[in-house]
Structure formats: C-alpha cells, structure tokens
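**Q** So you can see what is in the structure, the chains are spelled out below.
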Amino acid sequence: MGEFRKKKIQLFFIYLFLSAGLILNLAPLAWMLSTSFKPGSEVFRFPPKWIPDSLELVNYKKVFSMIPFERYYLNSILSALLITFITVLLCMMAGYAFAKMKFPGRNILFMFFLITLMIPFQATMIPLFRMVSSFGWIDTFQGLIIPQISTAFGIFLVRQFMLSMPDAILEAAQIDGCSEMRKFWHIVVPMNGSVMATLAIFTFNTAWNNLLWPLLVTNSEKMRTLPVGMALFKSSRDIDWTAIMAGSVMSLIPMIILFLLMQKQFIRGITAGAVKE
Amino acid sequence: MKHKRKMSIMLSSILLSIAVLSGCSGGSSNSNAADQPAAGEQKNENEQVTITIWDNYGATTPIKPLIPKFEEEFPNIKVDFQEQPWDNFWDKMAAAASGGETPDIATTGMMWNPKYTVFGLFADLNGLSGGKVNGNDINSVYSKGMIEAATTESGLFGVPYDFDAYSLYYRSDLLEEAGVTAAPKSWDELVEVGKKLTKDTDGDGKTDQFAFLVMPDWYHYEPFLYANGGKVLTDDNKKAAFNSPEGVEALQFYSDLVNKHKIGVNWTPDRGSYVAGLKDGTIAMFQDGPYVMGLIKNSNPEQEGKWKITDALSNKQYGTHIGGTYLSIFEKSQHKEAAWKFIEFLSREENAVQIYKTSGAAPGYLPALESTEVNSPDPFFGNEVPMNVFKAAVEKGTPNPIVGSWQEISQAISDAVAKAVYNEATPQEALDEAAEIVNSILAQE
Amino acid sequence: MGELYLPLTERMENMSGHITTEPDRILVSRKPNIFREMIRSKEAYGFILIPLILLIVFSLIPMLYGFFMSFTNWNGLQSPKYIGIENYTNILQSKDFHKALMNTVKFSIVSLAAGMGVALILALGIDKLTRLQNFFKVTYFIPVITPMVVVSLVWSLIYNEKGLLNYFIGVMGIEPVGWLTDKKIAMYSIIFTSVWQGMGFSMIIFLAALQKIPEHLYEAAKIDGAGGFKSFWNVTFPGLKDTFAFLLIYGVIGAFNVFDQIYVMTAGGPVKSTETIVFQIFTNFRYLKLGYTSALSYIFLFMLLIISLIQFKLIYKKEE
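Protein chains in written order, with the UniProt record's numbering: chain A, 1 to 277; chain B, 1 to 445; chain C, 1 to 320.
Treat the hints loosely; a few may be bogus.
Lysine-lysine pairs mimicking DSS-like chemistry, simulated, CA-CA at most 27 Å apart [what the hints assert, rightly or not]:
1) Lys234(A) / Lys64(B)
2) Lys222(A) / Lys69(B)
3) Lys128(C) / Lys7(A)
4) Lys222(A) / Lys64(B)
5) Lys234(A) / Lys297(B)
6) Lys196(B) / Lys69(B)
7) Lys64(B) / Lys357(B)
8) Lys95(C) / Lys239(B)
Hints listed in this document are in silico derivations from the structure and should not be mistaken for laboratory results.
Please take these sequences and the hints and turn them into a complete structure.
**A** In structure tokens:
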C-alpha cells in the first residue's frame, strides 16, 4: 500500500514538474503568435501584452501582398519534400550498410562522411557555387535540390539506431534466403520507423529553413523559397517584426503538420519494434 | 513489395510536378544567356534586350514601381527586377562575382563597393555616360563629396541614388518642457542641455528619458571625429589617423556621454531598432541620416509636430560623414548602354522624387532635392523643411576614405568605440589597438 | 516473440562498440583476400554508392579546393597567389582567434552538459508517465522544429532590457540584468536559448533508448534488491550508452558550429564576448578573405577531428 501511494505522489510531482517546464517551453512561441497579430507599434511595448486588443490579420495580408508568398510556399514545400524523400531513402540504406554489413573500408568511409559534418558551410560555399554554376544549374530545381541532399548526419543517426537492432532477426532472414534488398524493405525499414521519422523531420526542417543556398542559387521569383522571401522583410533601415512573425507562424505550420503526422509512425516505431513486448 | 510500389508512385509524382514547375519557369530563367546579342550588335535600337537589376531596398523600393513606365518608354528594353535581402546581399554578390554570373545593375553602397571596385567588378560610368546624366554635367547634379567617394583611378563606379548625411533630430516638446529654448549646437551645449533632458519620469529611481542616443558603432562616432577635426586615415590612405589626439578626445567625449555625464543611452544591438526608443520617449535627441524621417513618420504617427531637425553638432568644426546608395553597372554586363538608360531614367527629377515619397530617403540627384514635393513644409517636423538641413549636410560633409578593406577597417573602429562605451578600455587604448589592426590591414592592400 | 528474449539479452551486452574496430582487423589480417572481400561486398557498396557520389561531388571536392586555397590569398575574384602557411600562422597568433576559441569551447561544454542533463531528466520523467505521455513528448519537441532564426528573434525580445525576463525579475524585486549586453552574461543567455531549442531532440532520442531497454532487466535488478538509483546506474545507464555516445559526438559538432543564434542575438558582441570560430569564419568570408577563411576552417576541422577521435577512443575502448 505504502509503495503504491509513494508512487502516486511521485507521479504527481513528475506531472507538476513537466507541466511547469511546458509553460516555459511554449511561452516564446506563444509570444511569436501574439506578436504576429499586433500592430507594428506595439511590438516593443512593455509590460507585455499576451493577447492583442484585436485579432487583426493585417500582418498576414501584408506578407501576401509584399512577396509572392504562395509561389515561394509551393517551391519550399516541393523542394523540401523531395530533399527529405531522397535523403531519408539514401540514409536508411547507407546507415544500414554501415551498421550491419561488413565490407572493406567501412570505417574509413564512415569517417569520411563524419568529417564533412565538421566543416562550416561558409568555407565550401564559394567552391560549391562555382561548381554548380559551371554545371549550368543556377536558377534551376536541380541546382536548388541536389546540393542540399546531404546524407552525413542522417547516416550517422541511422547507423547509431541500427546498431542496437538485434542481429538474430537479420540472421533468421538470411537463413530464409532473403537478399539484402528484401531484408532491407521487409525487416529493416519497418523496424526502424522511429529513426526514419526523426530523420525525415530533421531533413525537412533543415531544407525548409535553409536560406543561404537557395538565395545564392536562385534568381527568379519562380524558383525562390520562403526563407529568401522572409529575409526581404529586413532592410538596412528597419525590420518589419510583425510581418516576420506572421510569416514565421505560417512557415511553422507545415513543419508542425509534418511532425504530427510523423509522430504516429515515430511512436509505433519505438513501441512496436521487435525488441519489446 | 507494397512499399516499393508506394515509393515509386510518390517519387514519380514528385518528379512530374517538378517538371511542370520548371517548365513554366523556363521562359524567364537564365535571361542572361538566352538573349544576349554580341557587343557589336548593341547599336541596333530595335534589338530586344533584358537587363537584370538587383535591388536591396526591401519593401519600400522606389525602383520597382517605376519599371512599367520605363518599359513603356523603351519598348525594346525589358527589366528583370530581382529583389535581394539586405542582410545577405553581399553573400549573394560574392558568390555571383566569383561564379561569373552577375546582373547588369545593382544598388550598391560605400561599405563594400571599394573592395569590388579594386577587383574590377564595376564598369566605369564616366566613360559610359560621357560625363552627362540626362544632358546635365554629372558634377553639377550630384554632390561633390558623393562623386568623390565613388571615384577611383579606374573611374566612377556608381552614381548616387540616395544620400546619407547626419543631422541632429530633437524632440522640441521635451526641450520646451525642460525650459530649453534652442537645440544644442556644440558639444558643451549638448552636455548642458542634456543634463536637463535626462530624467527619471516615473520616479522609480532609474533614468527613463535620456538626452542623447549613443550607438556603439563607427557610423555614429564618426560625426564626432570629424567635428573635432579628426580624420579616419591619413591623406594617402596608408595609415590609421583616428587615434590622433583629436580622435581620442572625440571618443572620450562620446563615451563620457554614457559613462561620465550619464546623459546618453548606450543602445546595444540586442535592443533592435532604436526607433522603439524614439517612440516610447527614451531618446530625446540623436544624430542620423534623412531616411530616419520616413521611419519615424511611419512608426510613430502620434508624434506629429514633436520632432525637429537641425545641423549636426560641432566642436572645433561642423561634422558629418556622407554616404548613401549608388547604382552601379557591372563590367561583365552585355547591355551596358541599356543599363545606363535605365539609370538615367531613374535619375530624372520626377522619378528621383519617388525615393523620398516611397522610401522616405533623400534623393542623391540634386535637382530632385529642389523640387517642391521634397521642399514643402512638413507638419510632422514642426512645419519646417527638414530636407534643407540635410541638403546642407551633404554639401559640407566628409566622404569616407576609399580603400578596398573599408569594411574591415570600419569594423575595427566599431570595436574600439564599443570598448570605450562599455568602459572596457580607455579611448586611447581602444583606438591605439584598432589603429594597429588597421595599419596591418592597410599594409596588405 | 518469447524466444527472441534470450539471445537478445546476451546481445545487449556486446552490441554497441564492436563496429569500429572489427573491419580493420579484417583489413589487416586477410590482406590477400581484400579484392575478393570487396567483390563479395558489392551489395554493401551498392547501398552506399549514391551518398558517396554526392559526398564526393558536393562536399569533398569543394573541401579540397578550399584546402589548396588556404595556402593562398584567394579572394574569389582575382587569381590566387601562393603564400605558404602565412594564413595559418596569422590565425594562430591572432588574439581574436584565441578569444573565439575560448568562447566556442565554453559554449560547447556548458550547452552540451546542460542540454543533455535537462533532456535526460525530461525523458526519465516522461518515461514514467501513465497518461499524456505522447502529449508531453510532442509539445517538448516543438521548439526543435522552430527555425533557429525565429527562436533567436523571439528570445531577443525576451532578453531585451525592457523585456519579459527583466519584467518578471523586476516583479520579484531584482534589478534588471543586461542579458545580452553584459559581457559576463551574454554567452550564458545564448546558451540558455540553445538548450531550450535543442533539448527536445535529445529528449526524444533518450526516450526511444529508454523504451528499448527490456523491462525484465529492471525486474531482474529488483529481484536482486537494487533500489531506484542502483537500478538506474546498473540498467538504465548502460542501456543509454550508445545514445550518450551519439548525442555527445554529434552534439560537439553541432555546438562547435553554433552560428544563427549568435548572428541574430548579439552579432558576436558585447565586445566580442560571444564571438565564436564559425562567426569569425563568416565575417572573414564576407570580407572576401577566402584564403584566410579556408585556413580558419581547416584549423577548425582539425580541432573537431581530434576531439571526435578522442571521444571515439574513450567511448569504444572499454568495449574490448
């Protein structure tokens, strides 16, 4: 009995602690939402006003009128989706190979991938741009997308997850005469839904928010992405805070939708894996 | 194999939509390569050309709305307007320049231009224009200092589009309230008036109204340097001169506003735009360029009639630097003549006035400054004509030195100013240290 | 599924580290067969072929190009001139570099320790929940998917001298603090924001790992009479080792590369107290000192490489 009560009290404090943390966690985002509805003159007004006097959509309308928002949005969604799809597929395969297959040069190749994570983009930006430019890829979709498919982080993440995948299952499949490809699709992919979801969210997020590369490689309105459009709200003279916040809220929506969609997969991947139950 | 089928359907649908998207954009992309006539053919007036312009004005660009009018007048020239974000403009420029794909025209500035000019990125406009803009002599329609600041041995790398020169903005209502009859003209008067204007308005023991805005950067320090008879570099641009006694004294005074007299507010970068401080009454006076007029009017309409503008502060002499936005044509441009036509068009009086009307800045084309639209009394500024003050400033001001590494040099000065204002080092120490850095940069030029 | 348990638990013990050392042994001990070995592994190479090509074309070649340029005065526009190791000696002697290095190390250590600590506590708490587990998980993760630039802008408003934070401590009677303007505090404010933004990621990874630890290991520990802490130390902790390794290695790389929040919130100030190496790389890039930037990047890469190698050694050595 005593232990049961102790557990209940413990649980109560955990809920209390986590809820308090949650408020701190969400306050800045609530502030962003609140700012996006305010007139520009009220951004810096303190003491803070969480709920604006009137819910006006002026700032949202402004975003649409100042930049071709729909087109940028479409470009962003399309390029981010494609980048995510390719990256996740490639990383799952390569991560699996690095974790569970044996082949000469595995460690050296893996280190290769890891090293490319360590160099800041500014250092390779100009050589990369010149190369892409010499391919004739400036202001094209392939120029926008292909150089953004960077697999190093994903391979690292996937490999780490797959290390703890029981070999027994793979070996059983081996005995059944499964090819590597079949094993990959039928065992590895379903068992690692969680890491796939994590990686997809991260890749999409990175691509969705990338400013510098799309800025360099695109020129025309028809190719540009959302972050480039948003950067236009900051000029030498002034920052349009409210427009930036309204744009940020809108640009956060697909991320949250994707996350909410993926998190089911995410949870299933963790709980329904062969390890537990 | 269900997975595979699903994936391949997804992949092919994405590829299909990409094909559609790139298909509909195919026409306008790569305008440079597509319809380029050889240099010799340019003379043909009927040749259809497209010029590309990179603009970093942001939302209030005066250029974009003028394009239809230009295309109507010059049906053989099409303008491809490409908006570029201010913050990353030079990243874009650096990549484009090194990758060899530049636009035809860009809005440029004195901050970075020297470097690119040294590298031969911009075309010489003296040759291109034959010394005339819309039939007038170039030297007669732009301020001498502005032209000087854009001229190197290899020529003129841009014509002024808007200008920047500092004057003193002050809240006449707060001055009146404090019993001050006239705005300060000199440093001594600033301290004297400043003490009356610095107040704890709500009685909580903390100052909430400061007499003067102190930005820890070189732009806002430089007018003090010039007012004290100092210079940034020696006349041959070979060595630092800002750590001369005049320079040290100027920085001493500038940092004393915060640390000793306590009449200046140190507006650190995390506070964002200082327009917020103008709005809530934290700042009673500040020195800045004409574009701030547009900013205050837009964001603080309730302050109508409270602001006035007068000459920048003097000590040994009057002091402001001058700068601004230029229009430059790229050396690699295939349509330099068409590009120049567009620049001339933008410079016409009635079009240059749009710089004031659309973005609240001061046109660099002097005849536009004389127009009635720019010179009418402004009720926001106590029914005075504030542009007159700036017109005088740009005539009397000092241009920044033209050296390739101006950006790095100005950063070193900014660091020194910040150190002194934050009381990290004495002005002498801070400026000497900066001078050492600047001298080593200049030695590599 | 029951029969999977037994071999699995045995595997749990020696699962993690063997990867890094074993293939080398293959390489060394069976050298004559390496080609046959490679041909036999063609399926494996097929799995990594495309990433490898992308890596070579879009990362390695630009990196090598940068490496050669680090010995020149390259500015991207004019033809570069060979200047030997001048860039490297200039950097290593520069006071600014030393300061930036210290700032980078400070940021990395504090943000990693705090971030992983908080994330582990959250994960342990959420793991125990009986209801709303999903809700907490999802909500704590949201800052991770918020763009760092937006995060930095919002936090700048909060840290503002007249901002939310000073408003709250003012209510408690504390003097306002210059969160981003006091050079002793600014770095910690940036660290706080970074931890806030990143902890959801580590939390999710920890949680996944926690939930992968088989329940019966805890039960076994309980039967052995282990209390809460002891079972944490003997069961939970070893079960999280892979996760720690991953978060540490990737975390160091990420922390060393910190940029966005510094760019937006302080731009390296006040008085360079938050200037990191990547920020310096960025500034010099903007000055078009591309040769210098490349050299700086290679020094940076070299340091990260050494740190990562030490980490690998420390983490995987004990497995032997």
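**Q** Each hint should be assessed against the structure and marked as holding or not.
**A** Evaluated hints:
The straight-line distance between the Cα atoms of lysine 234(A) and lysine 64(B) is roughly 17 Å, inside the 27 Å bound, and the hint therefore holds. In summary, the hint linking lysine 222(A) to lysine 69(B) is supported, as the alpha carbons are separated by about 23 Å, within the 27 Å threshold. A distance of roughly 10 Å separates the Cα atoms of lysine 128(C) and lysine 7(A); the hinted pair therefore holds under the 27 Å criterion. Proposed proximity of lysine 222(A) and lysine 64(B) is supported: the alpha carbons are some 17 Å apart, at most 27 Å.
For the proposed pair lysine 234(A) and lysine 297(B), the alpha carbon gap of about 18 Å is at most 27 Å, so the pair holds. With a CA separation close to 53 Å, the supplied pair lysine 196(B) and lysine 69(B) exceeds the 27 Å bound. Restraint check for lysine 64(B) and lysine 357(B): the C-alpha separation of about 14 Å stays at or below 27 Å, so the hint holds. Of the pairs offered as hints, the one joining lysine 95(C) and lysine 239(B) holds, with about 21 Å between alpha carbons and a cut-off of 27 Å not exceeded.
Against the hints set out earlier in the document, a violation occurs for number 6 only.
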